[in-house]
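Sequences and hints are given; from them, build the entire structure.
Heads up: the sequence lines are chains A and B, in that order.
Position one of the first sequence corresponds to residue 365 (my numbering), numbered consecutively onward.
Position one of the second sequence corresponds to residue 113 (my numbering), numbered consecutively onward.
Worth flagging that the hints you see were computed from the coordinates, not collected in a lab.
One should not assume that every hint holds.
Here are the simulated lysine-lysine pairs, DSS-like style, with alpha carbons at most 30 angstroms apart [said to hold, decoys possible]:
id	chain 1	residue 1	chain 2	residue 2
1	A	K670	B	K226
2	A	K597	B	K226
3	A	K533	A	K597
4	A	K670	A	K597
5	A	K536	A	K597
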Amino acid sequence: MAIQVHQFHPTVSYGDAVGNHVLSIQRLLRRLGYRSEIFCEHLPTHFEGRARQITQYARYSSPGNILVLHFSLGYSQEVMDWLEQIPDRKVVLYHNITPHTYFAGINDVYLEAAQAGRQQLRQLSTLTEEGWGVSEYNCRELAEHGWTRLGVLPIVFDPARYTARPNRKVLKRWQGGLNVLFVGRISPNKRFEDLILAFYYLKRFVRPDARLLLVGSAHGLEHYLEFLQALVKRLNLSDVVFTGHVSSSELTAYYRCASLYLSMSEHEGFGVPLLESMYFGVPIVAYRAAALPETLDGSGVLVTSKHYAAVAELIGLLVEDDALRGRIIARQRERLQDFLPEGVEVQLRRLLHRLGV
Amino acid sequence: MNKDWLEISDEGVNVQEIMRRIRERIARRDGMVFSGDTENPISVADALWQEMIEDLSGEQGASPTLSIRRRDCDIVPRHYVIDWRIPILGPIHAVVRRIINDEIRRYLMSSLRKQSSLNRRVVQLLRDLEQENARLRQEIEDLRRTQE
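Structure representation (structure tokens):
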């Protein structure tokens, strides 16, 4: 009978980084010949058939199984109790948790959840055999919380997920001109205010035709969005677009319209939009923070401080200098190869081999 | 901007030359001020953060029993933005909504401001009373102890 390697995450959905990763890992595990199911505490109806509720895990549970626990937000007490009870061998796969201080004054529920999630890390270290991170950056944090056996299993980039035809309305509206793109939840750790300030200089002094396209949902962080909109208004800036949540065809269209991807984020456990930018041939400029330098690994352009005027001039240069932009895009394409399913499969096989399965 | 500000790991790219070009471009814009810019944008962002977010986070835990914060007192919708996403019809729709919104605000804003001000005063009064209550309880406790 095939060895079972299952996965758990409190909830899964299409389109979010962790949900996509869970599905990709399942595909790889099955390709490697393991029996693999996804288990959730809250199962969205559109996911029925693709994942199961943890109440059904009893049928699968066995001391010979490996259960991969995706950890990107705190688990409920019920889940922690369940993990203590089941005899399966467990491994945590850490996607990182935004430091709680970023949510102060913005969302108390998120603040408490982030705080509780970090506290649970230490508890999880006693329940699991190994700690895996989607980046070395995450592994370092696992080590600080008591794990000694560590491993990196990066995010899988599956090009098949981006085959949706780009949304025509988005293309028609935004194609042409200089479009600076950022993709991600409107969350304070991503420092949207820094994007807006850099854009202020770009628009006022370098390229008056520039647009700033901010793609991502503000759900639960509406107060931060209010602040950002007020800032745009106070600076009298035009052409700053908050799109809200977008479909996959709209997302593809925004990447197709983008002249450049700009990140001023201060905390990222990995940075999936960087891979998407690499795939769509969009040059990346990112502030050197958290796991971003590791994800780029020498590709793209990093800046070490938030000198807004210099960032704006750099954007101007990159857009004007075709040769420089071409070299950056080529290097990014090379880096993307490391995240394709074939590459990650090798790393997954190595980690499972170390566990003796 | 220090000499290591920019990182491009490509031997074929002269990073120092790019930095020189950036500095040159910044110097060229030096002294350029637009008629609409009266304040430094970074100061504007800091002040707004202070006004809208930091003030509120500082209040957390001010009183364990009275958990009403200034955000809850202020009911004036100062930062409400009416925007559009749909081409052609979107701007028309937004203009209509803005006109209606402005008209409603004309009647409502003064009342909302008065109510917000009253809310703040009531919360402040409750906090003062809470402190006074705690002080008096302590005093009674001390008196009791001295009598025993």
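Does K597/A sit within 30 angstroms of K670/A, going by the straight-line distance between their CA atoms? Since the Cα atoms of K670/A and K597/A sit roughly 22 angstroms apart, the hinted pair holds (cutoff 30 angstroms).
Between the alpha carbons of K533/A and K597/A, is the straight-line distance 30 angstroms or under? holds (26 angstroms)
Verify the proposed pairing of K597/A with K226/B, using a straight-line Cα cut of 30 angstroms. holds (25 angstroms)
Is the Cα-Cα distance between K536/A and K597/A 30 angstroms or less? The hint holds at about 26 angstroms.
CA of K670/A to CA of K226/B, is that 30 angstroms or under? violated (41 angstroms)
The structure fails to meet hint 1 from the earlier list, while all remaining hints are met.
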